[in-house]
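Trainee: Which chain is which? The protein sequence lines are A and B, in order.
When we follow our numbering, the leftmost residue of the first sequence carries the number 1, and every step to the right adds one.
When we follow our numbering, the leftmost residue of the second sequence carries the number 1001, and every step to the right adds one.
Don't take every hint at face value.
[Unchecked claim] Straight line, CA to CA, 30 angstroms or less: simulated DSSO-like cross-link-like pairs of lysine-lysine:
hint, chain 1, residue 1, chain 2, residue 2
1, B, K1025, A, K159
2, B, K1217, A, K143
3, B, K1483, B, K1438
4, A, K74, B, K1029
5, A, K60, B, K1347
Derived from the structure by calculation, the hints contain no laboratory data.
On a predicted model such as this, the values are computed, not experimentally measured, just so you know.
Now for the letters of each chain:
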Amino acid sequence: MGAVVGTLTMQTRQRQPSRDNLDDELEMTMVCHRPEGLEQLEVQTNFTKQELQVLYRGFKNECPSGVVNEETFKHIYAQFFPHGDASTYAHYLFNAFDTRNNGSIKFEDFVMGLSTLLRGTVREKLEWTFHLYDINRDGFINKEEMTEIVRAIYDMMGKYTYPALKGDVPKQHVDVFFEKMDKNKDGVVTLEEFVLACQEDENMMRSMQLFENVM
Amino acid sequence: MAAGVATWLPFARAAAVGWLPLAKKIMPKPPVDKKSRNDEILFVNVSGLRFQTWKNTLDRYPDTLLGSSEKEFFYNEDTQEYFFDRDPEMFRHILNFYRTGKLHYPRQECIQAFDEELAFYGIVPDIIGDCCMEEYRDRKKENQERLAEDTEAENATDTPLPPHSTSRERLWRAFENPHTSTMALVFYYVTGFFIAVSVIANVVETVPCRPPKGSKKDLPCGEKYTLAFFCMDTACVLIFTFEYLMRLFAAPSRCKFMRSVMSVIDVVAIMPYYIGLVMPENEDVSGAFVTLRVFRVFRIFKFSRHSQGLRILGYTLKSCASELGFLLFSLTMAIIIFATVMFYAEKGTKGTNFTSIPASFWYTIVTMTTLGYGDMVPNTIAGKIFGSICSLSGVLVIALPVPVIVSNFSRIYHQNQRADKMRAQQKVRLARIRLAKKGTTNAFLHYKEEGGFQDRDSDNALCLKNRSSFEHQHHHLLHCLEKTTNHEFTDELTFSEMCMTESVGYRTSRSTSISSQQGVSTSCCPRRGKRRAIRLANSTVSVSRGSIQELDTLQVHKTSAGPQSRSSLNARTEDLKLNCEDRDFTAAIISIPTPPANTPDESLPPSPAIPGILRNSRSTFFTHETVKISSL
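The following block holds chain A by itself, in its conformation from the complex:
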């Protein structure tokens, strides 16, 4: 009987640490972030006041606390790409937006990123893309980083594709990419090589213009 009582008490003790974690989490979510003024953002980004208002309203609706963390990001992307696994790509994308590297995206980061992507110059867009691919922020894209990004993108496709994914398709894709981008064949792609190679690609330039009216 005593043993039974003993085991019961032990179980309750185990549960307490998790409860502390829960309390911590609650505290964290209470933290609220307010963006800088509307005028400032208008100056810093290429959006008009109305557009900023619309963006903020949507953002605040989704994240009342004013910050987006990576989990939410992954969750959102999982809903956009339900067929496959979007978590890896979402992780890289999150890092691309999280310019301050503090694990959360504030409204300013969000809006700046969007401003670049939608209203920026071609060069700005390409720079943004370069930073997306450059996972370790060392200024160079090597084959491993590229392979990771490409694999993450293919993961989003999921298993059921046509034609079926046979062989190591991501690797082949990366090889093709490096063929195109790496001009001096030194195994890494620098920003200049990247920008130059992309500007030479007419298809890409044309596609880039298509995305300007997304907002």
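Guided by the hints, dock chain B onto chain A, whose structure is given.
Mentor: Coordinates of chain B only, in the frame set by chain A:
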């Protein structure tokens, strides 16, 4: 997708720029958004409560009323707002759904009202958020169960038998529901009485009676009055056998019946008798036979057909099977543990009762259930300590599953109470509803009586009472239907009378009057009513809803005059036999746009007592007209 995801979509699309360097092909053209990009505030007026929201908010869910163009139907140009004549309190929740993407269920609202609102606004209840989903589901299930109970109660007791049920079905119904007929009730009480008699006889059999002369030993009554008890037993078993065979015969599904609990109890209750008859008076076997007589006590379970409380108890135990199983299991565990401990604790004592572990089981059970007979007691100190722990833990272990069983029983009991209460209330409610329905039908019939349909001449004062335009239109509609089908509405009383008198399941249809050949002006409305004088002045109308005998006395004349739309029908009436039992007859009659029947025969018994049945015995007018049989 949730609203939130929709907000992020432009962002995800913008981020797609990141795929461009890798893309092997050109990106497809983005869809052109024709709608104006400018967001505007919409005004939504729900029964006076004005809500304002961004248009984009509503557009998040395009497959709902507010999100699609369906709301344009509710747009009020004058006030430049969308007006909905619905519950404003509920609308708050609906709008919050658009805003937050989560639908919450307000606990204080009726579940059906909420469902209706959701259905109106085109929102599927499945998207209720997790926080409120459980509550919603529970309430919905409870509501549905209640409704099912209602309809079941309605159907079970009060429905009259379908007219063409076989004797077998009727028998089964009589067994299942003794209140349906007097015979069934009598049978019910007789079987109950005999069950009681049988049980009492079993009990009294064993009471010691005074010994017969010349013997000192007390004899149980069973052996003293063997013949009397045997006769009583035989009688009871005969009744039970008869009842069982009748049930078996009447059961809709014999296999299912034979597998049911009550049927098994019945068999077990009567088998010992028959086995006893068959078995020879052998010494060896009679021992086993005596054991079989124990099964006669199962007859007491037959009472559960007569008592609802017993049924509830049985149902409770069945539904608490898992709790009972747990109780049993935990008790067994505890018994074994403590019996072992006590045995080894008391092993050393001389002359101890705890001779083996199974022998200690008895002590453990008696102690755990706090009975404490005292026939086995520990002597050693260790034994006493463990004995006290045993009794304490026994109390706990038994006390644990009991509340679950109790709450189950309480729930089922209250459910039954509620069902009974609802059945009683149902009768009152149904009566009220029927009255209301009759009111509307009667209003229409009344209206017809008043001659409301005719473009009447002034001698029939159309006393149109104050009726709303709704009533006018409703009556007009009913009249159109009558014209379409060439049958007429009548009231329940008349109809049921006709059914009873004819004892065939015809649809009453009152004949619409037909213009006769003689240029008698048509009246399109048959008269009925006790106070109705028969107007022969300008109508040929009469409806005779006769009994079969009356129909027999009708004389069918061939019509001489011809050019009438009904002439063809006249011809047909010749072919009709007057035998009302003949179904074809009915069919033929019904297919005729029923001509009015006139009974020129004075032999028709006037029956003023029967309301609504018209007798028109004045036949002077109709001699040269076909006597058409009233269609019934």
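Trainee: Output the indices of the hints that this structure fails to meet, ascending.
Mentor: 2, 5
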